[in-house]
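Asker: In case you want the letters, here they are:
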Amino acid sequence: MVKWGRFLLFLVVVGLLATLVATTTKQVAGNITLGLDLQGGFEILYEVEPIEAGHKVDIELLKSTAHMIERRINIGGVAEPVTTAELPNRIRVQIASQSADQDKLRELIGKPAHLTFRDENGKVMLQGSDLAPNGAAVGYDELKRPLVTLKFSDPKKLEDATRANLHKPMAIFLDETMQTNPTIQSVITGGSAQITGNYTQESAQELADLLNSGAMPAKLVEKQVTSVGASLGTLALEKTLYAGYIGAALIFIFMLVVYRMPGMIANITLAGFTYFCMVVLDWMHATLTLPGIAGFILAVGIAVDANIITYERIQEEIRSGKTVLSAFRAGERRSLITIIDAHVTTLIATGVLFFFGTSSVQGFAVVLAMTIIVSIITNVFGSRFLLWLVVRSNMFKKPFWFGVKESEIREL
Amino acid sequence: MSYDKDHTVIRFDIVKNRRKFFIASSVIIIIGLLFTLFQGLHLGVDFKAGTRLDLFIGKTFNPADVEAVIKKEVPDVNFSKVIPYGTDLSQAYTRFDQTISSDTLMKVENALKAKYGEQVSKQVSSVDPSIAQEMVQKAAIAVAIAAVGIAIYIAIRFQWLFGIACVVGLAHDVFIPIALFSILGLEVDITFIAALLTILGYSINDKIVIFDRIRENLRTMKSKTIPELEHLVNVSLWQTMRRSVYTVATVFFTALALAVLGSESIQNFSLALLFGLVSGTYSSIFIAAQVWVNLKERNMKKKKEVV
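In order, the protein sequences belong to chains A and B.
full-length UniProt numbering applies: residue 1 is where the first sequence begins, and numbers increase by one.
full-length UniProt numbering applies: residue 1 is where the second sequence begins, and numbers increase by one.
Here chain B stands alone, though its shape is the one from the complex (with noise of 0.2 Å):
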């Protein structure tokens, strides 16, 4: 090998310590799973049947009002409370328990153009409870053929071991941005599962680096004995580390102004985003490699035993 390993600086030992982000991470997903169990996920209509209505009202308002004229045109369905958004708050949001016609959102439409004028315009989104159902399904259908399929991938191009060590980051990665959206209440719609996947994506980007430079530097450094793999281990993760800091940082930041500047509608989307990455940057680093190490490492005894 060109470069000398004993050069790379080690500014803090990470295997050493794996045994710390294991339980952080624990400790936030069963927190996370808690509030799943408990208080659920706010699901948007793309899973869960009724009408989403998006209105642009050009002015600022009194969601009451706008609650008013709603009450008056749709009397006997429950809807959720209006809720302003946009720059200068002009525009609102509600939902609707029960799928509602177009005639009757016409009348919704037409009354508060009359009250606030011609450049009102409505989005609507209505699904019904069989179409939902079914999105559900085939998103977790997904979601689960994915990861598989990528797990099959890493098996076949480096080791069963780092195919394990893989499916535990992955599954760290896809709950983690679930569990937060749980805590904080955000609504998951279709394009969450859109975020999810190209989550896994660019989580398995960021293990195959890592693995990779594990992989290479098995070739040419000494790994007999559990110090030496530890220490390769740390030498292949501080010398990747600038890079994966550097990656997450440039994407980070593009999603992070998608998330502030962008549309409304892809909020929740660059959101899960920034969750997913963080989260896919750190379990690469603090848990994937450390579950490859412990992997490696029974195996190591295991062999040790046999002789």
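Same shape as in the complex, but just chain A (with noise of 0.2 Å):
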């Protein structure tokens, strides 16, 4: 007897994927960040090695190089770049826009800070050099307002500075640009300085971290460059989406003239496979590069082989003799062991890749551990609930619908 109830909870559920997808994917492809090989941009790795013999490169100064860095490219007008600090010593500093002014700005990233109190003339008063190692940090007022401590080497020096410009601003530059303008209120004797104005934790904290930069400016060397051209990023792409979707269509009609009715079904999941796809790699602000694709173009074969997999022992049972549904139920218990324990191991590559790789293989291994997740949701139990409710439905109970042909068949 025919369940239409079953079948038609099988059409609600592939309608409202198909909507889903229909009416979301361009946007979420949309948001998608695309790595540099992708849209142009360049890639530098930096060794952070201490100014002055004897000191340690710490994770507090990778931090604070780190943030001078991007400050220093904001200044020199790109938007958005990402810093990585590398333990034990190194700055990954990627820039994914195609500017004409590659060049400067790597000159710009690579010279030392230097970061000076002037007064009202523009005359030099003190230095960074003259800040005690680590010197500024953020304290509170009375009224727990954020503000920024500073504390010096030679408190002498400081005496004399604020003696001279009482009650005038003495402004702090970095290279030529002034980043605040506080005035002095005393003379002050012990060394220590604090610098009040309307700040609020996060930019008390920057400016801060801006003056011990500037006060133990770390010394870059460039150890790798990577810079992609804009037109050789968008042809890599348009060339391997393109590849892409040959392949796609190449394992669409294969399961469709192999096995009928279930690879209909696992075209159908392959699909919700790839959206949900995007839609985590958007969610977790992963960045896509061409080894990210070519390592989700190859989860989508793991993905296909599931199935694959399942389906081959569905055959085998109905040639067996049995029923669609028995060989169905079968088939699906049987194949779920092998199919666990083939996404298991590959897990198990990707953990070693992501923790003992470098960069990019790192990015490699984060997209194919996520698309063997989604997959063992998509491809293994979202597949199985469609094929079961299309079997229940009793709808399709000829071994003709499973690419088995009748003679195949062995007497019981």
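It is worth saying that the hints were derived from the structure and are not from the lab.
All of these numbers come straight from a predicted model, not from anything done at the bench.
Wrong hints could be hidden among the right ones.
Mimicking DSS-like on lysine-lysine, the simulated pairs with C-alpha atoms at most 25 Å apart in a straight line are [unchecked claim]:
1. B:K122 - A:K239
2. A:K239 - B:K59
3. A:K156 - A:K123
To list a few chain B residues with every Cβ distance to chain A over 12 Å, as calculated [said to hold, decoys possible]:
4. S25
5. I29
6. G40
7. E73
8. P75
9. T94
10. L180
11. G185
12. L197
13. T225
14. L256
15. N299
16. K302
17. K303
All residues carry an ideal CB built from backbone N, CA and C; glycine is no exception.
Could you use the hints to bring the two separately framed chains together as a complex?
Answerer: Structure below.
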């Protein structure tokens, strides 16, 4: 007896999925951050060396140096650089924009910061090197408002400077850019000064970092540079996507011809799989690079394999003379352990890639691991659920629908 | 068991001929080893310090002209022949033995812009020697750890004999692409390592499916004597043959599309995948499963002697 309810539920699920994919794909795809290799830009790996021998490079110095680099790039007018501190002593800077003054920016970043305190005539009164190491910090006044505290290594110098400029402004410059312009309220004798103003916790921290990095500027040595021209990047993306479409079309036709009705369901779940992977990528704020796309296409292969293993098993059971329903049950059950084993081992490989690989390999590993988890949900459980609905609707009882010829079926 | 084992069509006795497959693989591996030893691998900038320069010229050009421009701007450094690539040969590639400063490369780009127009754009990767060395080490460690981790998982989920057979198969699958890249003189860069690890994952995928079937059949079929065991493995292999062929075919054609139509920067990645896919499927059936047969038979003989 045909059970229309189940088939209707199947149609509703597929319809909802199709609507979701059709209405939101464009927006989701647009949100995904493309890597340098796909949109043009450049990446530099710096090794951080302390400017004075004997100073250690620690995570604090790395962070403040990375902050300083971001600040400098922003001064240069480029939006959204990505800086990553890599222990023990490296900073990776990625700028995904095709600006003509790439080379100028590199020069700007590499130069050690020069921090100066100047009087109203622009005369340099104090220098970054007068600040004690890590001498700038965030403090609070009586009303718990954030302020920046400064500690100078030579109290006498500060006393002289404040005496000479009492009630006058003293500007703090990073290179030739003024950062802040506080007015000196009193002669400071102890070597500790405070900068008050309308600071938030964040902006006070930012200024303190900046002053510290200016006070103890790390030396940056370029270790690796990768730059991609915009036209090369776009070309690479277009070609790779085109190859991806062709590959997907081949798989689509193959599944349909060999497995018929289950093949159709595999194609539906594969489309869902691709869509959800994009959603998760967007949600993770991951950057999609060329190796990432390659990893993704491979994950599609593994997802297809999960379906092939199951359908081959179902075909086998049908050939041995079982009804479609019991063949479906046995095939699903027997193939599950195999598929889970296979997915887990690939996850182990991605884990190793992530922990022991370098930047671009790590990106590849993250994409692969994510797709494998999504694949288990869509291509193992999702595809089983849909196939279950269709089989239980009793509309496709003939072995033909599963790609099995009547002549291949043995007598029990 | 529901379906009839005796009806499984064995088109070819794989187990009986296993020695031939061992010999064939050994020959390829030995030739590859000789090539790697004497010719070495063509290492990309990721592994060997220097600067790789990719140029988008945007129209057909004479490589000798581009070489002349580079020679003029970078007089003292050796660089490889400028090789055109891309569908209409409008792109070019060269590699410097040393790292080249960005100012110098800017000059090259500007000189080429003056010659060929504003559409010229460049892509640079340069690597310092210390970083290059570190990358090689990290990559080798990653491959070794991945293999060990996967083997331990198999030994726990299955049996240690399967674990050994798996490691032999994996070593085979990692080595074949390396040997082929050495023989063909293709460039090895960091994406090649990513490809190798992907091959590891994929090849284990394949081996698990086959081992799974052998394990399942061990429970239901007689395998007390050596002929019975060999029959069992033959049956298991032929039961999973369609899936092996179909799966490798779908992934193979996708990787082939990537290699032929995809971006040049992942062409070597796709090629490594192609070699690895074929080698992985081959070794699952003809090497790993057969190594297991050998180990198992030796085990059976030993037990008999004890009794």
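Asker: If a hint holds in the structure, say so; if it doesn't, say that too.
Answerer: Hint by hint, here is what the structure shows:
no.: 1; hint: B:K122 - A:K239; in the structure: holds (18 Å)
no.: 2; hint: A:K239 - B:K59; in the structure: holds (18 Å)
no.: 3; hint: A:K156 - A:K123; in the structure: holds (18 Å)
no.: 4; hint: S25; in the structure: holds (22 Å)
no.: 5; hint: I29; in the structure: holds (22 Å)
no.: 6; hint: G40; in the structure: holds (22 Å)
no.: 7; hint: E73; in the structure: holds (14 Å)
no.: 8; hint: P75; in the structure: holds (20 Å)
no.: 9; hint: T94; in the structure: holds (14 Å)
no.: 10; hint: L180; in the structure: holds (19 Å)
no.: 11; hint: G185; in the structure: holds (22 Å)
no.: 12; hint: L197; in the structure: violated (5 Å)
no.: 13; hint: T225; in the structure: holds (26 Å)
no.: 14; hint: L256; in the structure: violated (8 Å)
no.: 15; hint: N299; in the structure: holds (23 Å)
no.: 16; hint: K302; in the structure: holds (29 Å)
no.: 17; hint: K303; in the structure: holds (28 Å)
Violated hints, listed in ascending order, are 12 and 14; each of the other numbered hints is respected by the structure.
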